[in-house]
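Engineer: Each chain, letter by letter, is given below.
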Amino acid sequence: MHPAPSVIIFSTFSGLGFGLLAWLGIGLPAVTGWVAFVFYVIAYLLAVGGLIASTFHLGHPERALKAFTQWRTSWLSREGWLAVLALLVMAVHGAGLVFFDQHWWPVGLIGAALSLGAVFSTSMIYAQLKAIPRWHQKLTPVNFLSLSIAGGALLAGQVTWAIVLLLVAGAVQLATWLIGDGAFARSGTNMASATRLGTIGKVRAFEPPHTGTNYLLREFVYVIGRKHSFKLRIIAIMLMAVVPVILLLLPFHHIEALLAVLSHLAGVLAARWLFFAEAEHVVGLYYGKR
Amino acid sequence: MTQHQPKLDLSPKVSDEIRKTTCYMCACRCGIDVHLKDGKVAYIEGNRDHPVNSGVLCAKGSAGIMQHNAPARLRAPLKRVGPRGSGEFEEISWDEAYDIAVSWLEPIRNTNPEKLAFFTGRDQSQSFTSLWAQAFGTPNYAAHGGFCSVNMATAGIYTMGGSFWEFGQPDWDHTKLFMLFGVAEDHDSNPIKMGLGKLKKRGARVIGVNPIRTGYNAIADDWVGITPGTDGLLILSMIHCLMKAGKIDLTYLAQYTDAPVLLNCDEKSPDFGLFLRDENGKELVIDRVTGKPTAFDQPGVKPDLSATYRNKGITHRPVFHQMAEKYLSDAYTPEAVAERCGIPAARIRAIAAEIARVAFEEAIELDHPWTDFRGETHKTMTGRPVSFHAMRGISAHANGFQTCRALHVLQIILGTVEVPGGFRFKPPYPKPAKVHPKPHVGVNAGAPLNGPHLGFVHGPEDLALKDDGTPARIDKAFTWENPMSSHGLMHMVISNAHAGDPYKIDTLFMYMANMSWNSSMNSGGVMEMLTDTDENGDYVIPRIIYSDAYSSEMVAYADLILPDTTYLERHDCISLLDRPICEADAAADAIRWPVVEPDRNVKGFQSALCDLGARLDLPGFVNEDGSQKYADYADYIVNHQRRPGIGPLAGWRMGPNGLQSGRGGVNEGQLDNYIANGGFFIEHIPAGANYYKPWNRAYQDWAVKLGLYDAPQPYLFNLYVEPMRKFQIAAEGHGERQPPDHLRERIKATMSPLPIWYDADQHGNEGFPVTALTQRPMAMYHSWGGQNAWLRQLHGHNPMYLPSKLMAQHSLTDGDWARITSPHGEITVPVMEMAALNENTIWTWNAIGKRKGTWALEHDAPEATKGFLLNHLIHELLPPKGDGLRWANSDPITGQAAWFDLKVRIEKTTAPAEAKPVYPPVTSPVGTGPKELAWKVGK
Amino acid sequence: MTSLPQSTTRKLGLVIDLDTCVGCHACVISCKGWNTENYGAPLSDQSPYGADPSGTFLNRVHSYEVQPPEGQAQLVHFPKSCLHCEDAPCVTVCPTGASYKRVEDGIVLVNESDCIGCGLCAWACPYGAREMDQVEKVMKKCTLCVDRIYNENIPEVDRIPTCVRTCPAGARHFGDLGDPDSDVSVLVAERGGMDLMPEQGTKPVNKYLPPRPKDTLGDIDILAPFLAPIDAEPKGFLGWLDKALEKL
Ligand SMILES: Nc1nc2c(c(=O)[nH]1)N[C@H]1C(S)=C(S)[C@@H](COP(=O)(O)OP(=O)(O)OC[C@H]3O[C@@H](n4cnc5c(=O)[nH]c(N)nc54)[C@H](O)[C@@H]3O)O[C@H]1N2
Ligand SMILES: Nc1nc2c(c(=O)[nH]1)N[C@H]1C(S)=C(S)[C@@H](COP(=O)(O)OP(=O)(O)OC[C@H]3O[C@@H](n4cnc5c(=O)[nH]c(N)nc54)[C@H](O)[C@@H]3O)O[C@H]1N2
Ligand code: SF4
Ligand code: SF4
Ligand code: SF4
Ligand code: SF4
Ligand code: SF4
Ligand SMILES: [Mo]
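Chains as they are written, first to last, in the UniProt record's numbering: chain L, 1 to 290; chain E, 1 to 939; chain G, 1 to 248.
FYI, nobody ran anything at the bench for these hints, they're computed from the structure. We put the beta carbon where it would ideally sit given N, CA and C, even for glycine. Be aware that a few hints might be false.
[Claimed, not checked] If you want the footprint, here are the derived chain G segments under chain E, 3+ residues with CB under 8 angstroms: (1) 46-52; (2) 75-82; (3) 93-102; (4) 118-129.
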């Protein structure tokens with residue numbers, strides 16, 4: 001899949017933002033007033049910024065409201081609802097913390113659930129797609145959620161939690177990659193099933209339908225070298241989990257904490273880039289690009 | 001859950017108006033419905049009622065809207081202002097353009113009309129353009145047949161009075177076994193596809209003989225990946241098998257062919273190898289009833305295929321006798337030819353056996369009584385449901401004429417021509433060679449030529465030679481080098497004119513031929529010839545006038561451009577005098593008419609010729625008072641009469657009792673009648689007249705009534721082409737007209753009156769072991785499809801396809817580049833693997849490569865950076881043999897360009913920035929097209 | 001509405017005969033022509049005369065080479081447009097309801113005025129049957145020529161998709177695949193019509209007819225008698241000829 005910056009930024013930032021909101025919702029860190037305000041600003045900047053980035057990917061952002069209509073069937077629509085609800089509910093919760101010095105538990109818990117729900121539905125937008133076997137697996141939501149929660153813990157300054165969760169998220173990330181590597185083959189979709197010519201013999205794509213390119217090739221057929229992706233995976237996992245954990249294990253310092261956050265962010269961005277770049281759409285088979 | 005579906009308008013208005021005309025995205029001439037909205041072309045679909053396409057339309061046809069609106073359309077007459085080849089022009093008025101043309105042409109006509117060479121490329125108005133050339137008085141006229149498929153056309157006409165190509169078709173409704181040789185697309189594009197569809201529906205077997213398995217050959221049930229250039233051998237081997245097994249139609253051979261005609265078999269006789277004729281010139285056969293030699297067409301004659309006849313000490317034997325001797329020889333056993341053809345002997349036998357089985361075990365009988373030319377009535381029509389079709393794959397070789405002949409002989413011995421289930425002619429064919437005109441070259445200053453330029457020769461006496469024996473025509477057609485060159489040799493015009501051999505010319509006038517690019521062999525050499533100057537700095541070819549509709553590669557090489565309209569903006573006439581749109585069951589012709597008016601200062605070329613003809617005072621183009629005779633082409637189409645009662649169009653002619661078909665006087669409303677009928681006219685052949693046409697009285701009478709013939713002209717098929725023997729006799733030293741010595745042996749060897757196979761001249765091909773071919777893409781028409789925004793997305797560049805073996809041998813993988821070298825030149829191009837390909841053949845799509853600056857494309861268009869022409873490797877001459885002579889890369893009989901004899905070698909190389917050779921860009925006279933298209937006419 | 005109908009009254013679709021398709025691209029361009037002028041936004045082209053021409057097409061013809069274990073490689077031309085799946089994933093993912101499957105005939109359509117151009121439906125389609133138009137930024141797909149097949153301004157014979165009408169080889173068939181007695185259903189039954197990527201669970205309505213067995217004409221044993229020589233000697237041939245002519 002074409003690694004479009006808008007979706008990478010969207011899923012990474014909003015994942016982090018909603019992760020932080022979830023932590024804030026359960027009252028960690030237990031902050032109020034200006035400090036709470038700063039945390040909320042960060043969370044909203046991330047979450048809303050991500051959402052805004054996602055609209056760059058739309059052909060008709062001015063019609064974006066229509067996307068709320070199909071929550072019964074569409075994960076994208078659900079994601080919209082959950083994100084908006086999470087932001088609204090958490091705004092109430094935040095107002096309580098900032099202005100009233102109050103932690104309204106039920107509101108916070110609902111908001112946290114909604115925030116994680118938003119992340120979950122984001123992940124389901126991808127995980128539901130059978131046509132992209134690497135995404136179509138149970139670990140995809142686990143991967144998104146674990147990163148979101150771990151990143152949230154990091155931002156929320158929950159050092160212990162963050163260390164544990166980052167290690168968990170890193171492990172999930174590794175598993176996601178490894179299991180994902182075989183997903184296409186396991187899906188059972190191949191040249192033979194795509195063309196149904198396999199009963200005659202071995203199928204090879206000959207002339208493509210057009211000598212030029214097209215939307216499908218641009219959008220779905222992105223080829224990344226195996227060596228290249230291996231390197232990126234190492235970098236991603238290092239930045240996302242290993243480096244932050246080491247930094248967190250060092251004696252606490254704000255600079256280190258900031259570095260841990262930035263490293264994690266960079267790691268997740270790299271992983272998300274890989275998430276798209278490594279994902280192969282079955283349509284590539286029709287073009288012999290697999 | 002309830003569904004909320006938007007309400008759709010399921011019956012939107014398709015258009016304001018439908019105008020029915022004829023497609024010209026290629027030469028197949030399908031009927032089209034042009035939908036107009038607000039007077040603009042909105043959508044084009046096939047005309048369901050049309051005889052050619054019955055509603056279907058190919059990709060090109062549907063893309064007509066993009067061609068019609070192409071940014072590459074020329075806008076006004078152009079006068080060259082920069083050097084030739086630069087593309088620098090200024091727009092001028094038509095008056096100025098005519099004045100320039102007249103100032104060049106008038107002096108020539110008054111002194112040496114042959115100094116005008118008028119060649120008209122992909123012309124579909126040859127009966128008109130040749131009339132113009134004849135009136136001008138130059139012998140130097142032809143269209144593009146010489147580089148296209150003259151082998152196919154002439155082999156068919158000399159053998160059986162008609163050919164494949166667009167002059168005949170398999171009996172798609174009855175055939176049970178169809179064998180296709182060397183066809184990728186053909187002129188009859190849609191009809192062939194429709195026919196194949198019919199066969200597939202019935203489950204009939206299709207055998208494709210082609211080194212490349214794409215398109216038609218991909219859907220063939222059996223694919224025979226033959227070694228290029230060896231089809232003749234394969235066919236002769238099948239003839240061998242069938243004769244040996246007696247699987248031949250003796251009745252048919254005896255009744256309708258020259259198989260029983262007696263041949264002089266005395267080697268010492270001056271008439272050795274010629275037919276025995278009676279005092280009326282009729283061929284003689286031995287009648288099995290009387291045992292006596294009898295004219296072939298006598299009522300009740302039962303011609304004998306084996307009898308020997310001795311007369312005045314000379315032994316005469318039937319043609320078939322000689323065939324048996326020749327083809328039963330072991331040289332033609334499948335085992336003997338297998339290796340050379342690259343086909344296992346068992347497979348050849350299996351195919352021959354299947355042909356025999358279907359022809360004789362599955363014969364069909366149609367309940368149509370008919371009477372033959374001898375007066376004998378037959379209760380039914382016997383059909384042998386095996387049919388064949390072939391095109392350039394067998395004809396564009398130096399042995400193409402004989403190979404095409406061999407294929408016809410195969411069909412004829414099976415008795416499957418003009419019978420149900422076999423191959424059928426389309427009117428005006430059948431029409432034997434002897435009723436066609438002979439070539440004329442009688443030149444007189446200021447006067448018309450003494451007759452038509454092209455035709456069929458029947459012996460050395462008909463050659464187009466001057467009194468001193470030198471060629472009378474600039475293209476050397478009808479000379480000892482290629483005696484039976486019935487279509488002329490357009491591919492030799494520029495090189496001969498440049499060499500001043502046989503003489504120099506003054507003005508080269510061309511129409512619709514991209515001669516500086518894809519229609520020339522040796523495109524690079526041609527560009528040099530067109531720009532070459534003499535010691536005075538003058539161009540060696542002094543003047544070039546060219547008519548094109550688009551900014552093609554050739555435009556840059558002309559001094560004066562007459563811009564044509566698009567096919568939707570002009571009148572055209574697809575005439576029975578020319579290459580009509582007939583079907584095996586009907587005579588038909590068609591028109592084009594301006595369904596929209598041009599929005600530029602352009603003019604239909606034929607209309608421009610009407611103007612120019614008048615300004616030059618050409619007889620036939622001026623009235624007695626000297627005024628212009630035809631205001632435009634439409635005027636000509638309606639009012640011209642070739643012979644009394646016969647005009648360009650056969651429909652709706654004026655008769656004594658109103659409108660009638662075929663013969664008749666001028667009808668001023670004729671074009672309106674055509675338009676009202678969807679742009680075409682069709683007259684069906686009556687039942688009982690539609691098979692056995694060459695011998696069927698009912699057909700012959702119908703043809704006379706319609707004006708196709710002036711009198712019935714039944715004839716025998718010629719397994720043996722006697723005129724060829726006459727050329728051999730001359731080469732053996734007999735007769736007045738003698739070939740030059742260096743050609744004697746070749747004439748003796750190649751002009752065999754019975755089909756033979758010989759290899760193309762391989763001199764100079766040592767070290768070039770691989771054959772390189774081109775194929776036409778179904779969705780592109782030569783060079784002119786490349787300007788089309790929709791079509792160029794399908795074929796924007798062309799890889800060279802290599803068989804798996806050669807890919808491995810040269811360590812190549814898809815996308816690598818290779819240098820392909822021929823004895824003549826080299827190109828560097830991208831390669832791709834193809835498994836379903838003869839293992840010693842490489843190929844690419846034809847005419848995809850474009851010159852920078854042409855066709856309103858941007859300079860970095862893939863056509864110009866990755867696309868390429870194979871033509872740079874081909875030459876109109878063979879490599880030098882060291883005998884001081886240059887031999888043409890052509891069939892020695894017809895002069896047909898031997899495109900497919902090309903031999904190359906392959907070397908892997910690093911990818912260059914662009915496919916090579918690279919030519920500098922030309923200045924575009926039309927700029928480039930827009931950056932984005934969203935073409936919608938309706939609101 | 002992105003819920004799929006429980007069932008559709010009819011299942012209109014195409015049947016494509018891979019044994020007959022010659023790969024001419026007529027259907028591709030005819031589709032482009034009709035759908036540029038009709039249903040919704042025109043199908044645009046980018047760089048139409050430049051370096052990287054590309055445009056929106058609703059139907060494209062691929063080609064595949066197939067190498068059987070024994071014998072010669074084969075080539076198959078392979079047209080592909082929307083298969084109007086019964087379980088169309090492209091519909092259920094759509095957040096706006098722009099994508100929907102019609103209850104009355106099962107045609108899957110995009111309501112362009114509702115489409116936000118998110119592209120998700122194209123991601124969901126395993127077949128590559130949807131393309132985002134680069135000018136209008138809305139999703140385009142085969143409409144099964146819904147504006148032709150019921151169009152009262154068109155003669156009845158022509159109320160079929162334009163790709164079917166134009167196909168010169170007759171390799172494309174249109175009809176109701178929900179009716180077991182329809183011509184197309186009979187064809188599918190007779191020729192063993194296939195679903196593409198059945199494992200994707202989309203239940204395509206369009207079916208593909210497989211190429212018939214190729215290169216079977218090698219079995220000389222059965223055919224040999226048809227070539228049994230009439231005589232071993234060339235001279236014998238003339239003798240045979242004489243006798244055979246006698247019998248005529
Ligand atoms: N390598 C290789 N070369 C080949 C062949 C091959 O098989 N292999 N085939 C050969 C054969 S058979 C042929 S016929 C030739 C064909 O080659 P050409 O005869 O050159 O044919 P085209 O490229 O179709 O177009 C000729 C010109 O006609 C112009 N034209 C198009 N429409 C109109 C119109 O309406 N009016 C006017 N006045 N001009 C118009 C086009 O712009 C173009 O410049 O190519 C030959 N060249
Ligand atoms: N779409 C489209 N249609 C066209 C044209 C076009 O440009 N585009 N051009 C028109 C013109 S001008 C012409 S002349 C016709 C030509 O129509 P075709 O005769 O179909 O022309 P080509 O595409 O040159 O195909 C030649 C075929 O012969 C095969 N071949 C080559 N050498 C041999 C051989 O030795 N033996 C055998 N058995 N096969 C061989 C090649 O592989 C190729 O498949 O098409 C006309 N129709
Ligand atoms: S075959 Fe195609 S391009 Fe040629 S006349 Fe017919 S529709 Fe037009
Ligand atoms: S083919 Fe693709 S676009 Fe068409 S219905 Fe099926 S999933 Fe949807
Ligand atoms: S691109 Fe349009 S039709 Fe497709 S899912 Fe998005 S909104 Fe729906
Ligand atoms: S049915 Fe209509 S929209 Fe669909 S592919 Fe055919 S022509 Fe195109
Ligand atoms: S029009 Fe018919 S034969 Fe041509 S590519 Fe399409 S389906 Fe195949
Ligand atoms: Mo040609």
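Engineer: The structure should be examined with respect to each hint, and the outcome stated for every one.
Structural biologist: Checked hints:
With a cut-off of 8 angstroms between beta carbons, the stretch 46-52 of chain G has 7 residues touching chain E; three or more are needed, and the interface restraint holds. Counting residues of the stretch 75-82 of chain G whose CB lies closer than 8 angstroms to any CB of chain E gives 3, which reaches the minimum of 3, so the coverage claim holds. Using a Cβ-Cβ cut-off of 8 angstroms, 3 residues of the stretch 93-102 of chain G lie near chain E, which meets the minimum of three, so the contact claim holds. Interface restraint, the stretch 118-129 of chain G with chain E: violated (0 residues with C-beta to C-beta distance below 8 angstroms; minimum three).
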